[in-house]
Amino acid sequence: MRVVLAEDLFLLRDGLIRMLQAYDFEVVAAVDTGPDLLQALLTERPDVAVVDVRLPPTFTDEGLQAALEARRQIPGLPVLVLSQYVEQLYAKELLADGSGAIGYLLKDRVFDPDQFVETVHRVAAGGTALDPQVIAMLVNNTGRSKPLERLTPREREVLELMAEGRSNGAIAERMVITERAVKKHTANIFLKLDLPPSEEDHRRVLAVLAFLEVAPS
Amino acid sequence: MTSSITTGVVNNVQNTDTTTGRTGRTGRDPLRALGNAVRSTLRGPVLAALAVPQLLLLTAATVAACLLGLGVGALLVPPTVLAIRGLAGLRRRLAARWSGVEIRDPYQPLPDAEPGFRGAWKRCQAILSDQASWRDLLWLLVDPVVGFTVAIIPLSVVAYGVLGLLLPQLWQPIADHGGNTWYLWIHVTDSGAAGTAALFGVPVMLAGLAIAPGALRAHTALAKSLLGPTARAEALAAERKVAHLTETRRDALTTQAAELRRIERDLHDGAQARLVAMGMNLGVAERLVERDPEAAKQLLAETRQASASALNELRDLVRGIHPPVLADRGLADAVRALCMDSPLNVTVSADLPGRPEAPVESALYFAVSEALTNAAKHSGASHVDVQLWYENGTLKAQVTDDGTGGADPSRGTGLRGLERRLATFDGVLAVRSPLGGPTTLTMELPCELYSRRTSSS
Numbered sequence: 001m002r003v004v005l006a007e008d009l010f011l012l013r014d015g016l017i018r019m020l021q022a023y024d025f026e027v028v029a030a031v032d033t034g035p036d037l038l039q040a041l042l043t044e045r046p047d048v049a050v051v052d053v054r055l056p057p058t059f060t061d062e063g064l065q066a067a068l069e070a071r072r073q074i075p076g077l078p079v080l081v082l083s084q085y086v087e088q089l090y091a092k093e094l095l096a097d098g099s100g101a102i103g104y105l106l107k108d109r110v111f112d113p114d115q116f117v118e119t120v121h122r123v124a125a126g127g128t129a130l131d132p133q134v135i136a137m138l139v140n141n142t143g144r145s146k147p148l149e150r151l152t153p154r155e156r157e158v159l160e161l162m163a164e165g166r167s168n169g170a171i172a173e174r175m176v177i178t179e180r181a182v183k184k185h186t187a188n189i190f191l192k193l194d195l196p197p198s199e200e201d202h203r204r205v206l207a208v209l210a211f212l213e214v215a216p217s
Numbered sequence: 218m219t220s221s222i223t224t225g226v227v228n229n230v231q232n233t234d235t236t237t238g239r240t241g242r243t244g245r246d247p248l249r250a251l252g253n254a255v256r257s258t259l260r261g262p263v264l265a266a267l268a269v270p271q272l273l274l275l276t277a278a279t280v281a282a283c284l285l286g287l288g289v290g291a292l293l294v295p296p297t298v299l300a301i302r303g304l305a306g307l308r309r310r311l312a313a314r315w316s317g318v319e320i321r322d323p324y325q326p327l328p329d330a331e332p333g334f335r336g337a338w339k340r341c342q343a344i345l346s347d348q349a350s351w352r353d354l355l356w357l358l359v360d361p362v363v364g365f366t367v368a369i370i371p372l373s374v375v376a377y378g379v380l381g382l383l384l385p386q387l388w389q390p391i392a393d394h395g396g397n398t399w400y401l402w403i404h405v406t407d408s409g410a411a412g413t414a415a416l417f418g419v420p421v422m423l424a425g426l427a428i429a430p431g432a433l434r435a436h437t438a439l440a441k442s443l444l445g446p447t448a449r450a451e452a453l454a455a456e457r458k459v460a461h462l463t464e465t466r467r468d469a470l471t472t473q474a475a476e477l478r479r480i481e482r483d484l485h486d487g488a489q490a491r492l493v494a495m496g497m498n499l500g501v502a503e504r505l506v507e508r509d510p511e512a513a514k515q516l517l518a519e520t521r522q523a524s525a526s527a528l529n530e531l532r533d534l535v536r537g538i539h540p541p542v543l544a545d546r547g548l549a550d551a552v553r554a555l556c557m558d559s560p561l562n563v564t565v566s567a568d569l570p571g572r573p574e575a576p577v578e579s580a581l582y583f584a585v586s587e588a589l590t591n592a593a594k595h596s597g598a599s600h601v602d603v604q605l606w607y608e609n610g611t612l613k614a615q616v617t618d619d620g621t622g623g624a625d626p627s628r629g630t631g632l633r634g635l636e637r638r639l640a641t642f643d644g645v646l647a648v649r650s651p652l653g654g655p656t657t658l659t660m661e662l663p664c665e666l667y668s669r670r671t672s673s674s
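Protein sequence lines, in the order shown, are assigned to chains X and P.
In this text, residue positions in the first sequence follow our numbering: the first is 1, and each later residue adds one.
In this text, residue positions in the second sequence follow our numbering: the first is 218, and each later residue adds one.
I should point out that these hints are in silico values taken from the structure, not numbers from a laboratory.
All C-beta atoms in this analysis are idealised placements derived from N, C-alpha and C, irrespective of residue type, glycine included.
Possibly wrong hints are sitting among the right ones.
Stated by the list, open to error - Residues from chain P that keep clear of chain X, each with C-beta distances beyond 10 Å, as calculated:
hint, residue
1, 250
2, 314
3, 324
4, 346
5, 419
6, 464
Said to hold, decoys possible - To give an idea of the chain X side of the interface with chain P (calculated C-beta under 7 Å), a few residues:
hint, residue
7, 60
8, 61
9, 85
10, 87
11, 88
12, 89
13, 108
Chain P with its partners taken away, still in its complex shape (with noise of 0.2 Å):
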C-alpha cells in the first residue's frame, strides 16, 4: 500500500514538472502561443453570457430583500442566495480550469437548516451577517458591466478585423443601404479603399487575439478580488479556527481528567481497598494458623477470592482505557470483537488498507462501543450494521440500526458526549435518524494510515 501510495506522488511531481515545462514553452512555440489566444478568445463570450443569470439573480435577491420586511423574503433570501453561491461557484471553478488561479470559498458556515420559520431566518441572518454574502451582490453588480466588457472585448476586436479582410466583397451593398462606410479612419468609398480597410483587417484580427489572454487574466483577477476571501475575512476563519482548536483542546482536557479521576477512583475504591484487606486477611491468617487452623484456611481461601476479584477489577479498568484486541489487532477487528460481545445481533465489514495513530484508532473506536450502546440501549433495534473504511484521507464508520430512530444529538447526551470524542481529531458526527428509523450514525475522521499488520482475516 505504501508503495503504490509513494509512487502516486512520484507520478505527481513528474506531472507538475512536465506541466511547467509546457508552460515554459508557451511563449517560445508560436502555435501554442497561437491557440492560447485563439481559446482565450472564445473563453471570453462563456464568461460574457454570465450577465444573464447575474443579472436575473440580482433582481431575485433586490425582490427578496424588499419582501424582507414582509417577513417573506426571510424564506426567499436564503434559496436567492444559494442559487447565487452556486454561480459564484461556477466562476470560481472556470478560473480554476482556464486561468489556473485558484479562489477560495469565503462563506461561513451556515447553520443546520431547521424546519419552519425560525430556521429560515436563522439562516437568513447568517447569510446577511456574512461580509461574502455582500460582495457576492457587489460582483453581481460590477461583473455584468466591467467583467462582460472586458470578456468580449478581444473578440469584437477580431471581428472588426475579420470584417475589414471581408469589406472588398461587402461595401459595395453597406454602402448602397446606406450604412456606415468608415473603417478605422479610412473612408470606404471605392474598391481601392476597401482594399487597404482589409490590409489594416490583418493587425486589426492580430491585435484582438493579442489582447484576448491579458484580457481573461484581467476578468480573473476582477473575479478574484470580488469573489475570494479577503484579509479581514482569512483572518476571521484562521480565529474560528483557533477558537474551535482552543475548545475541543479544552474539552478533549476535561474529559481527560475526568477520565483520570475516574480511574483513580476506580483504584482507590477497588484494587487497592482489596489488596488492603487481603494484607490484614493474611496477617490474621498466620496468627490464626497455629490456634485455629481451620479459621485461618477459611480467610485464606477468602483471601484467593478477593486477590481474583482485584484482577478482574483491574482488568476491567484496563479495558476501559485501552482494550486489548485494540492494541493486538487494530480497529476492525477490536470492533467485530465489540460486537460478538454486544447483545444486539451486529454484522461487520471493514475495509481499511491500515492502521491510523493509536489515539485516532482509539477514539472511533470507543465512538462506535458508544453507538452500539446507544442502539442497544434506546433504539429497540434486534440488528446492527457496522461498516469501516478509508476514502480521501478519512477514517470513516457508519453504524446503522433497524429500531425506531428519532435520536438527536440537542438531546441525547450520548450522542453529545460522541461528537466530542470526535472533535478533538477534527472528526465529525453526522446523525440521520427519523421518526421510526432506521437510525444511521456516520462518523469521520480525518487521518493517515500506516500499514501495519492490522486483521487476521
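If we strip away everything but chain X, and leave its shape as in the complex, we get (with noise of 0.2 Å):
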C-alpha cells in the first residue's frame, strides 16, 4: 500500500517511515513542508496520506489546509491526519465533503503501533476514525444537538464507536453484544438522523457528521 507521510520533526517523520515499513507499506514521499506535501498527494496519488496538522512554512496548520486542497482536487482521497491537539472544529472541516476516508488522531496515537496500522488501514478503505478525544468532547457536549437527543445511550454507544471508526464487527466485540444487535441499532440511528437508506458506508460517514452537528448537504 502507497503512502505519503508529511511530518516536519525529523526523528518522528523517521519513526514513522520505519513503523511503516515495518507493517509493509511503501512510503512513496515523505516531506517536511505544506507546498511540498500538496505536491507529492497530486503527483502521487497514494492509497493514504499520513499528514501533520502544522507543518512549516507557516507552522499554523499548513499540513491541514494542504489535506483539503488535495482533497477538493482528488475527491475521496484517503488521509489520515495527525496533530498535536485534537479540534472540533478540524474535524468537522475535515469531514464536511462528507465522503468519508477521513482519520483525525492525536500523535500519541502511535504509542501502539498495531492500533495505529489498522487504523491507517481503515481509512484508506474509505472509513472513518475519528479521535476518541474530539468524540469525548463532543459526549460532553451531546444534549444541545435535536437530533441526537432522539438517541437512546445505547445507541449513541454505537454510534461513537462508529465515529471512531469500528466495524459492526469490532463494535459488537467491544459493547459484547452480537452483530445482529448493532446492526439493529445502527438501523434505528439512521432512521432517527433522517438518513434514508443508501450505500452502507456512505450513511455511517454522514451519522459521524450529524455527531459532529454539520450539516450535510
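Bring the two chains, given one by one in their own frames, into a single complex with the hints.
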C-alpha cells in the first residue's frame, strides 16, 4: 500500500517511516512542508496520506490546508491527519465533504503501533476514524443537538464507536453484544437521524457528521 | 484591505494639501475674503444668541448651588452641570467648525451613575472638585458680557453703515419724529448732509465687514481660554494617564508572574514528576526483565500509560498558555472552536478584516473564554451569542446570554479579572445585566489589524 507522509520533525518522520515499512507499507514520499505535501499528493496519488496538521512554512495549519486542498482536487483521497491537539473545528472541516476516508488522530496514538496501523488501513479503505478524545468532547456536549437527543444511550454508544471508525463486528465485540444487535442499533440510528437507506458506508459517515453537528447538504 | 486603508490615507493628505492651498489663496482673492467676512459677520449674532441659554443656566446653577445646603441641591447640581457642559460642548464644536480651532474637553472622568442619593452626592462631589466645572461657570459669567459684545460689534457696525446709506431716504421722517439726527459727526438736517452721511456709510459698512473675522477669532480665543484645559489640568490628565498605566502595568506583571508560577508548579508536580517516575520504572523493568518478565511487562505498560498522561498534561498546559487554534487560525476561528467545546449552545458571528498583534488577540480570546465560562457557570443560560467585529480602530466582542442576569462586576471576581485583563491593553469592559437577564458583556480593545490569513470560512 502506497503512503505519502508529511511530518516536519525529523525524529518523528523517521520513526513513522520505519513503523509503516515494518507493517508493509510503501512510503512513496516523506515531506516536511505544506507546499511539498500538496505537490506529493497530487503527483503520487497515494492509497493513503498520513499528515501532520502543523507544518512549515507558517507552522500553523498548513498540513490540514494542504490535505483539504488535495481532497478538493482528488475527491475521496484517503487522509489520516495527526495532530498534537484535537479540535472539533478541524474534525468538522475534514469531514465536511461527506465522502469519508478521513482520520483525525492525536499524535500519541502511534504509541500503539498495531492499533495505529489498523486505523491507517481503515481510512485507506474509505472508513472514518475520529480520535476518542474528539468523541469525548462531543459526548460531553451532546444534549444541545436535537436529533441526537432522540437516541437511546445504547445507540449513542454505538454511534461513538462508529465515529471512531469501527466496523459492526468490532463494535459488537467491544459492547459484548451480537453483530445482529449492532445492525439493529445502526438501523435505528439512521432512522432517527433521518438518513434514508443508501450505500451503507456512506450513511455511516453522514451519521458521524450529524454527530459532529455538520449539516450535510 | 491594506491597500484601501493606504488609499484613504493618501486621499487625506491630498485633501489637506488642497485645503492649505485654499487658505493660502483667501488673502489674495478679494471675493473669497468678502465671503469670509460676510460669513463671520453673520456668525456673530448666532454666538451672541448663546447668551440666552448661558444666562438661564447661570441662574439654574446658582439656584442649585444655593439648595446644596438643603441637600436637594445634590440632586439638582449634576443635571445642571451636565446641561452647562452640553452648551460648552456646542461652543467647542462651533469653534472647530467655524474657526478651525480645536478645544479639548477639560473634564475629569465622572464616576458611574449609581442609583439613590448617595450616588448623586458622589457625582456632585466629583463635579464640584473638578476645576473645569468652575471655569465653565466663569465662562457663563464672562461670555454673555464680553463674548456677546465682541460677537455683536461687526454686525452692528455693518448695520450702522447701511443706516448711513439709507439716510437720504430716512432722515426726514426721523427728524419729523424728533429722533436723533446725528450720523458720526455730521448733523443731518438737510438732504446735502444726508448725502454726505451716505458717502460715509460705505466705509463704515466695509469697516464692519473687515473687523468681523478678527472679532470671530477673538471670540474663539476667549472661548478657548475658558473652555479648554489649563496647563495644570493637562498636567493632571497626563499624571492620571501615567498612574493608570503604572497600575495596569503592575496588574499585568502580577498576573504574568502568577501565571508563570502556576506553569512552573504544574510542570513540577505533573509532567516532570511523571517523567521521573517513568525513568525509575524503566530502571526497575530493566532489572526485572530476565528474573520476572511478567512483572517487567506490567511495569512497561504502566510506563507507557504514564507517558501518555504526561503528554496530556503538557497539552493542557500549552492550551492554557496559548491555544493552538488561536495561533493557527486567529481569533474568529479560535472563538468558534471555543464555542464548540462549550456546554452551551453558542452562535458566533465574526467580521474581522485582519488579525491584531498576538498579545491583544490572546487577551480578547481569554476574555471571551472567561465570559463563556461565567455564562455556563452562573447565568443558567441555554443560548449564548458571540459577536466579534472591528470598528474605528477598536476590536470589539459582545457576549450575550439569555440567562437570569444580575451579574455585577463589583462583586464577581471573574468579571474583575476580565476587566483587568483588558485594562492592560487599554481595553474596557461594559456589563449590562439587569435582574432577570439578559446579560450582555461588551469588550473593547483599541488596536490595529494586520491582514494576515484569518479564517477559512
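* **Restraint check, 7 Å cut-off on beta carbons, for residue 89 of chain X near chain P** => With a closest approach of 4 Å, the residue 89 of chain X hint holds.
* Asked: Does residue 60 of chain X meet its interface restraint, that is, does its C-beta lie within less than 7 Å of any C-beta in chain P?
  -> With a closest approach of 4 Å, the residue 60 of chain X hint holds.
* **residue 464 of chain P and chain X, when compared Cβ to Cβ, separated by more than 10 Å** => 35 Å, holds
* Cut-off 7 Å, beta-carbon criterion: hint that residue 87 of chain X touches chain P -> This hint holds: residue 87 of chain X lies near chain P, its Cβ roughly 5 Å from the closest one there, short of 7 Å.
* **Supplied contact hint for residue 108 of chain X, tested at 7 Å Cβ to chain P** => Since the shortest Cβ distance to chain P is 5 Å, the answer is holds.
* With a cut-off of 7 Å on the beta carbons, see whether residue 88 of chain X makes it to chain P. => Holds. Min distance 4 Å.
* Could you check if residue 85 of chain X really has its C-beta closer than 7 Å to a C-beta on chain P? => Holds - the Cβ of residue 85 of chain X comes within 7 Å of chain P, reaching about 5 Å at its closest.
* Against chain P, is residue 61 of chain X within 7 Å by beta-carbon distance? -> With Cβ-Cβ at 4 Å, under 7 Å, it holds.
* Hey, is residue 250 of chain P genuinely clear of chain X, shortest beta carbon separation above 10 Å? => 61 Å, holds
* Once the closest CB in chain X is found, is it more than 10 Å from residue 324 of chain P? -> Non-interface label on residue 324 of chain P holds, nearest chain X Cβ at 46 Å vs cutoff 10 Å.
* 10 Å cut-off, C-beta based - residue 419 of chain P kept clear of every residue in chain X -> Consistent with the label, residue 419 of chain P stays out of reach of chain X, its closest Cβ about 77 Å off (over 10 Å).
* To do: Measuring Cβ to Cβ, find out whether residue 314 of chain P lies farther than 10 Å from everything in chain X.
  => 49 Å, holds
Violation of the numbered hints given earlier is absent; every hint is satisfied by the structure.
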